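Take the sequences, apply the hints, and build the full model.
Chain residues, written in single-letter form:
2 protein chains.
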Amino acid sequence: MTYPDPNTIDRVGVIGAGTIGASWTALFLARGMTVKVFDPSPEGETMVRDYVANAWDSLTKLGQVAENADPDAVSFYTDAAEAARDVPFIQESVPEKIEIKHDVYGQIEPALAPETIIATSSSGLLIKEMQAGLKDPSRLILAHPFNPPHLIPLVELLGNEKTDPAALDWAEGFFEDRCNKQTIRVLKEVPAHVANRLQAALWREAIHLVLEGVASVEDVDKAVVHGPGLRWAVMGPHMLFNLGSGGKGMEMFIERFGPSFKTWWASMGSPELTPEAAKIIADGCRDEEAGRDFQELTAERDRKLVAIMNGTQGN
Amino acid sequence: MTYPDPNTIDRVGVIGAGTIGASWTALFLARGMTVKVFDPSPEGETMVRDYVANAWDSLTKLGQVAENADPDAVSFYTDAAEAARDVPFIQESVPEKIEIKHDVYGQIEPALAPETIIATSSSGLLIKEMQAGLKDPSRLILAHPFNPPHLIPLVELLGNEKTDPAALDWAEGFFEDRCNKQTIRVLKEVPAHVANRLQAALWREAIHLVLEGVASVEDVDKAVVHGPGLRWAVMGPHMLFNLGSGGKGMEMFIERFGPSFKTWWASMGSPELTPEAAKIIADGCRDEEAGRDFQELTAERDRKLVAIMNGTQGN
Numbered sequence: 000m001t002y003p004d005p006n007t008i009d010r011v012g013v014i015g016a017g018t019i020g021a022s023w024t025a026l027f028l029a030r031g032m033t034v035k036v037f038d039p040s041p042e043g044e045t046m047v048r049d050y051v052a053n054a055w056d057s058l059t060k061l062g063q064v065a066e067n068a069d070p071d072a073v074s075f076y077t078d079a080a081e082a083a084r085d086v087p088f089i090q091e092s093v094p095e096k097i098e099i100k101h102d103v104y105g106q107i108e109p110a111l112a113p114e115t116i117i118a119t120s121s122s123g124l125l126i127k128e129m130q131a132g133l134k135d136p137s138r139l140i141l142a143h144p145f146n147p148p149h150l151i152p153l154v155e156l157l158g159n160e161k162t163d164p165a166a167l168d169w170a171e172g173f174f175e176d177r178c179n180k181q182t183i184r185v186l187k188e189v190p191a192h193v194a195n196r197l198q199a200a201l202w203r204e205a206i207h208l209v210l211e212g213v214a215s216v217e218d219v220d221k222a223v224v225h226g227p228g229l230r231w232a233v234m235g236p237h238m239l240f241n242l243g244s245g246g247k248g249m250e251m252f253i254e255r256f257g258p259s260f261k262t263w264w265a266s267m268g269s270p271e272l273t274p275e276a277a278k279i280i281a282d283g284c285r286d287e288e289a290g291r292d293f294q295e296l297t298a299e300r301d302r303k304l305v306a307i308m309n310g311t312q313g314n
Numbered sequence: 000m001t002y003p004d005p006n007t008i009d010r011v012g013v014i015g016a017g018t019i020g021a022s023w024t025a026l027f028l029a030r031g032m033t034v035k036v037f038d039p040s041p042e043g044e045t046m047v048r049d050y051v052a053n054a055w056d057s058l059t060k061l062g063q064v065a066e067n068a069d070p071d072a073v074s075f076y077t078d079a080a081e082a083a084r085d086v087p088f089i090q091e092s093v094p095e096k097i098e099i100k101h102d103v104y105g106q107i108e109p110a111l112a113p114e115t116i117i118a119t120s121s122s123g124l125l126i127k128e129m130q131a132g133l134k135d136p137s138r139l140i141l142a143h144p145f146n147p148p149h150l151i152p153l154v155e156l157l158g159n160e161k162t163d164p165a166a167l168d169w170a171e172g173f174f175e176d177r178c179n180k181q182t183i184r185v186l187k188e189v190p191a192h193v194a195n196r197l198q199a200a201l202w203r204e205a206i207h208l209v210l211e212g213v214a215s216v217e218d219v220d221k222a223v224v225h226g227p228g229l230r231w232a233v234m235g236p237h238m239l240f241n242l243g244s245g246g247k248g249m250e251m252f253i254e255r256f257g258p259s260f261k262t263w264w265a266s267m268g269s270p271e272l273t274p275e276a277a278k279i280i281a282d283g284c285r286d287e288e289a290g291r292d293f294q295e296l297t298a299e300r301d302r303k304l305v306a307i308m309n310g311t312q313g314n
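In the order they appear, the protein sequences are chains S and X.
Residue numbers for the first sequence follow numbering that gives the first Met the number 0, beginning at 0 and rising by one.
Residue numbers for the second sequence follow numbering that gives the first Met the number 0, beginning at 0 and rising by one.
Worth flagging that the hints you see were computed from the coordinates, not collected in a lab.
This structure is a prediction, so every number in the text was calculated from the model and none was measured.
Honestly, I wouldn't trust all of these hints.
It does not matter which identical chain is meant; a pair holds if it fits inside one copy or across any two.
[Unchecked claim] Here are the simulated BS3-like cross-link-like pairs (lysine-lysine), alpha carbons at most 27 angstroms apart as the crow flies:
id: 1; residue 1: Lys-127; residue 2: Lys-278
id: 2; residue 1: Lys-127; residue 2: Lys-161
id: 3; residue 1: Lys-127; residue 2: Lys-96
id: 4; residue 1: Lys-278; residue 2: Lys-60
id: 5; residue 1: Lys-303; residue 2: Lys-60
id: 6; residue 1: Lys-303; residue 2: Lys-127
id: 7; residue 1: Lys-161; residue 2: Lys-303
id: 8; residue 1: Lys-261; residue 2: Lys-247
id: 9; residue 1: Lys-187; residue 2: Lys-127
id: 10; residue 1: Lys-96; residue 2: Lys-134
id: 11; residue 1: Lys-303; residue 2: Lys-261
id: 12; residue 1: Lys-278; residue 2: Lys-247
id: 13; residue 1: Lys-96; residue 2: Lys-247
id: 14; residue 1: Lys-187; residue 2: Lys-134
id: 15; residue 1: Lys-127; residue 2: Lys-261
id: 16; residue 1: Lys-96; residue 2: Lys-261
id: 17; residue 1: Lys-278; residue 2: Lys-261
Set out below in structure tokens:
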């Protein structure tokens, strides 16, 4: 299939407007696109408009708001086919149930131009299962964001043997160049893709350390933020250890420290999230909150994310 | 034991001046202290002076250089007892061999005032084994930094049942208030303490994803830096998931997502660092280097670390 130049895209469809769809809408509007939003809920429009208004300040500070951007260039539909008509690209973020995906694909596909790509935000369903709801499965790709999509640059791209490879290349251009995001290619379908697996691996040992009484929830979090987490915002784990060789290279690093890692890996925990464990972790989080409420904490998180991106990740 | 007010400390001993000892020296000098350095190698002095000169710019940008700081307020000794005399605090960073630790402790202890605390930078030895080299084991604490100590705020503090608890409290005051570091308390001795275990857990799954062909070394690193790593420089894994509940709290997060984590954890890999695996990871790192050499990459890392700390972690 031949697709239009990603840099010329000026209208997109957003199918499903929960918090993920609302965040995508804010991003696409900031990048100067017109956005057609489908959500079956009558509250969808207010929620999305509020979300966009709230996100605009961070997007502005990140330099993501294009000159021609208009936060009101958004229209709302409770008919999915109407939202899908006349757009060259659709980002789908409906709930993670296969029947819901199939139902909405069945509604929108007859309204799509042949070259319209559907990118699903799904984190938990298999591509081939989702493709079963489409007459043309080659148009479906996975473009998995990291919450919130309008702030966090990462988009994981994945297709399968039925996916048009050119659709993935197109999406890389669209997200990287048109949307200023950072994409990776997931080459093989595994549960939770890449970033969520890495998060899960870290959290597993973080929980283990708390449940074993090695450190408090607050101190484990403090260790990450003021230690390895600081470095992971700069470089990934492979490159950091590569530099940890002192310039001798990764083979030397593995030769010298591999046996230590082997011992540590053998001692890693496999905690169970029992109700008792959940209470210990939750109590620890309450201690760490130190009276700050959800709004305060999320505002702090997002303000610092923007500061980091502006400090380290500008072009 | 009664110790002097940590805020009045103006001289310290650094025993062992490899890269860790040299980095500690730079930090203590920046904080306006006089530093007595022991290293058996005749090249020690030149190496440390070069290290300090090189580190001073980052320390200045971080606001860590006190008004009265003098990068030349450092004296060098090839006799460990001389370096240890007349200092209220010693940071020991000699090589990770128990015979070397015991040998140097035997040399310095007779020269120490009764209230002088020895903090070891050791990452791999047991405290009780190290204490066996001291007449007064109560004075030994572990103060484990994260490389490079002059930049990364984290210091992990740990003692055992023979350690004077007041020595740990003192060290918390010294590192947090006098040195502007961030300390955590490791409550139980486990291999690699806290931060290195968390790093090891993440790297294990990162290696697994590469060896399984799910993503390239470069893309795994990119996923961390532009996804979860960004967030870990702001908040730790527990607090981030706590906020991931949308304000409903960690119990609700675990109730809703616990089953998914359980599935993902069951699918985590246990890679072996065989020579073949080492080659795949090392080749991937070379691709990711894209021609940048060790000096360039470490300079980039440190510049971005300083930018992040100034952007997010000021008081």
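Exercise. First find the shortest C-alpha distance between Lys-127 and Lys-278 inside one copy, then the shortest across copies, and answer within, between, both or neither for a cut-off of 27 angstroms.
Key: neither (38 angstroms within a copy, 33 angstroms between copies)
Quiz item: Within a copy, between copies, both or neither: where do Lys-161 and Lys-303 come within 27 angstroms Cα-Cα?
Solution: neither (41 angstroms within a copy, 41 angstroms between copies)
Quiz item: Quick one: Lys-96 to Lys-261, C-alpha cut-off 27 angstroms, is that within a copy, between copies, both, or neither?
Solution: This pair counts as between: shortest inter-copy Cα distance 19 angstroms, intra-copy 39 angstroms.
Exercise. Pop the pair Lys-127 and Lys-96 into one bin, within, between, both or neither, using alpha-carbon distances up to 27 angstroms.
Key: Answer is within: at 14 angstroms inside a copy they meet the 27 angstroms cutoff, but 55 angstroms across does not.
Exercise. Using 27 angstroms as the alpha carbon limit, work out where Lys-278 and Lys-247 are close: within a copy, between copies, both or neither.
Key: Classified as between; 14 angstroms across copies, 46 angstroms inside a copy.
Quiz item: Is the C-alpha distance from Lys-187 to Lys-134 at most 27 angstroms within one copy, between copies, in both cases, or in neither?
Solution: within (23 angstroms within a copy, 59 angstroms between copies)
Quiz prompt | 27 angstroms Cα threshold - placement of Lys-60 relative to Lys-278 | solution = neither (38 angstroms within a copy, 42 angstroms between copies)
Quiz item: Is it within a copy, between copies, both, or neither that the alpha carbon of Lys-261 lies no farther than 27 angstroms from that of Lys-247?
Solution: within (21 angstroms within a copy, 38 angstroms between copies)
Practice problem: Give the relationship of Lys-278 and Lys-261 under a CA distance limit of 27 angstroms: within one copy only, between copies only, both, or neither. | Solution: between (32 angstroms within a copy, 17 angstroms between copies)
Exercise. Check Lys-96 against Lys-247 for me: Cα-Cα at most 27 angstroms, and say if that holds within a copy, between copies, both or neither.
Key: Classified as between; 22 angstroms across copies, 49 angstroms inside a copy.
Self-check item: Homomeric proximity label, Lys-303 with Lys-127: Cα distance no greater than 27 angstroms
Solution: neither (38 angstroms within a copy, 41 angstroms between copies)
Quiz item: Is it within, between, both, or neither for Lys-127 and Lys-261, if the alpha carbons may be no more than 27 angstroms apart?
Solution: between (37 angstroms within a copy, 23 angstroms between copies)
In this structure, the earlier hints numbered 1, 4, 6, 7 and 11 are contradicted, and the remaining ones agree with it.
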